[in-house]
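Protein chains: 2
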Amino acid sequence: MTPGTIHGVGLGPGATDLMSVRADRLVRQARHIAYFRKAGRAGQARKIVEGMLRADVCEHAMEYPVTTEIPVSDPRYNQQLAAFYARCVDHLRALTRNGEDVVVLCEGDPFFYGSFMHLYTRLQAQAEVQIVPGITGMSGAWTASGAPITWGDDVLTVLMGTMPEDDLTRRIRDTDALVVMKIGRHLDKLRRAVAAAGRTDAAWLVEYAAMPEQRVTRLCDAAAVAPYFSILLIHGQGRRP
Amino acid sequence: MTPGTIHGVGLGPGATDLMSVRADRLVRQARHIAYFRKAGRAGQARKIVEGMLRADVCEHAMEYPVTTEIPVSDPRYNQQLAAFYARCVDHLRALTRNGEDVVVLCEGDPFFYGSFMHLYTRLQAQAEVQIVPGITGMSGAWTASGAPITWGDDVLTVLMGTMPEDDLTRRIRDTDALVVMKIGRHLDKLRRAVAAAGRTDAAWLVEYAAMPEQRVTRLCDAAAVAPYFSILLIHGQGRRP
Chain Z
1 MTPGTIHGVG
11 LGPGATDLMS
21 VRADRLVRQA
31 RHIAYFRKAG
41 RAGQARKIVE
51 GMLRADVCEH
61 AMEYPVTTEI
71 PVSDPRYNQQ
81 LAAFYARCVD
91 HLRALTRNGE
101 DVVVLCEGDP
111 FFYGSFMHLY
121 TRLQAQAEVQ
131 IVPGITGMSG
141 AWTASGAPIT
151 WGDDVLTVLM
161 GTMPEDDLTR
171 RIRDTDALVV
181 MKIGRHLDKL
191 RRAVAAAGRT
201 DAAWLVEYAA
211 MPEQRVTRLC
221 DAAAVAPYFS
231 ILLIHGQGRR
241 P
Chain Y
1 MTPGTIHGVG
11 LGPGATDLMS
21 VRADRLVRQA
31 RHIAYFRKAG
41 RAGQARKIVE
51 GMLRADVCEH
61 AMEYPVTTEI
71 PVSDPRYNQQ
81 LAAFYARCVD
91 HLRALTRNGE
101 DVVVLCEGDP
111 FFYGSFMHLY
121 TRLQAQAEVQ
131 IVPGITGMSG
141 AWTASGAPIT
151 WGDDVLTVLM
161 GTMPEDDLTR
171 RIRDTDALVV
181 MKIGRHLDKL
191 RRAVAAAGRT
201 DAAWLVEYAA
211 MPEQRVTRLC
221 DAAAVAPYFS
231 ILLIHGQGRR
241 P
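Chains as they are written, first to last, in my numbering: chain Z, 1 to 241; chain Y, 1 to 241.
These are computed hints drawn from the structure, not numbers from a lab.
All figures in this text were calculated on a predicted structure; none of them were measured in a lab.
Among the hints, a few may not be true.
Intra- or inter-copy, both count: the list cannot distinguish identical chains.
Okay, derived cross-link-like pairs now, DMTMM-like style, lysine to aspartate or glutamate, Cα gap no bigger than 20 angstroms in a straight line [unchecked claim]:
id, residue 1, residue 2
1, LYS47, ASP17
2, LYS182, ASP153
3, LYS47, GLU59
4, LYS182, ASP154
5, LYS189, ASP153
6, LYS189, ASP154
7, LYS38, ASP56
8, LYS47, GLU63
Whenever a hint applies, use it, and build me the whole structure from the sequences.
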């Protein structure tokens with residue numbers, strides 16, 4: 001029997017019609033879909049494809065054993081996640097050995113942060129894996145902001161809100177355009193870093209880009225905690241004839 | 001008469017089925033399309049939509065008066081481009097005043113570098129403009145490379161090959177993951193900067209990502225001059241359970 005293929009499919013920032021034509025076709029035809037989610041939640045990737053699936057689709061929800069309950073620095077965090085990814089890979093491999101193709105739903109772009117890459121590296125030697133790139137969450141955010149992120153020869157820096165404050169400040173001072181993701185509980189620290197870099201007036205917070213709850217605010221007007229789907233932007237001011 | 005809308009539509013990195021479902025629909029329905037190109041060339045954006053257009057579509061090619069004939073630092077460069085963009089805006093505005101919608105074809109993502117933003121800022125106060133984000137050329141490149149660009153809390157820096165060599169070196173030394181665009185004739189300088197930063201072994205050159213001519217090579221094996229559609233990548237090595 002010919003083994004099946006695993007497709008890591010980027011779904012884009014949130015609106016269903018912002019996935020690629022290739023992704024749309026794969027999702028609609030899929031006999032098996034798999035996706036990550038927090039236990040007890042619907043999962044954002046699964047929500048994006050609501051209404052698109054075959055009536056006889058088999059769904060494989062992969063539920064994280066831990067998200068924010070254990071700090072990332074604790075060795076148990078990595079141990080539990082590594083064991084979890086190994087179980088997911090075994091499950092997907094069993095399907096492909098039976099000749100089934102599987103579409104793994106990925107928010108944004110599969111190779112830009114995100115969880116699918118942890119399966120990808122484990123699967124690479126064992127199965128046929130195809131990647132469909134997607135529109136990133138940050139593209140969704142700067143489109144929502146109504147202004148281009150980079151012009152001419154601007155330098156763009158992408159940072160995670162989890163970084164130490166001094167590193168954030170130094171890097172925010174040293175870039176033309178800025179994107180910060182993974183903000184959540186780090187918003188106050190980030191706000192201080194942006195202020196220390198002298199760029200508060202230029203900073204925007206985009207929540208739920210390309211989703212029905214989309215909201216764009218100046219950083220100085222934002223609440224104390226940002227939702228999970230939040231992206232901070234500073235737009236470049238490069239050459240513009 | 002209700003004025004028409006101008007749609008700045010991201011087409012993605014090159015493959016027709018990597019444009020979004022929203023972009024695909026707008027392109028297929030369009031009565032008027034507009035796109036930039038170098039005089040005497042077909043234009044990459046126009047090539048991507050070949051075979052998708054209505055039989056009665058009106059095409060508006062906007063031909064750059066100058067590309068690399070005058071250095072960017074020469075004041076005549078900016079003057080000629082500014083006059084050109086003003087003419088384009090007048091042309092598009094005349095169409096919308098007659099109630100026509102226009103789809104402006106944009107490679108990659110309209111708000112990530114690119115030329116459409118020069119029309120966008122001029123049109124904003126005068127016409128209804130809608131933006132459809134797209135998969136960036138850099139997403140196409142890291143997908144082609146077969147490896148994720150960023151993991152965990154990696155810092156990503158996006159640079160233009162046009163930068164001075166010392167700035168390139170300093171920034172390449174100071175990032176986890178790297179994307180360099182606008183390489184072309186700057187490839188030798190870039191190669192020296194990557195070497196000075198001690199990262200030659202990690203650097204990949206992707207030419208024509210997501211196009212039929214796609215090619216992925218180690219930077220040390222690349223030719224002396226890179227084609228226009230070339231992107232240099234260094235993949236991040238961040239946290240991976």
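| request: Just pull the numbers of the violated hints for me, sorted ascending. | output: 7
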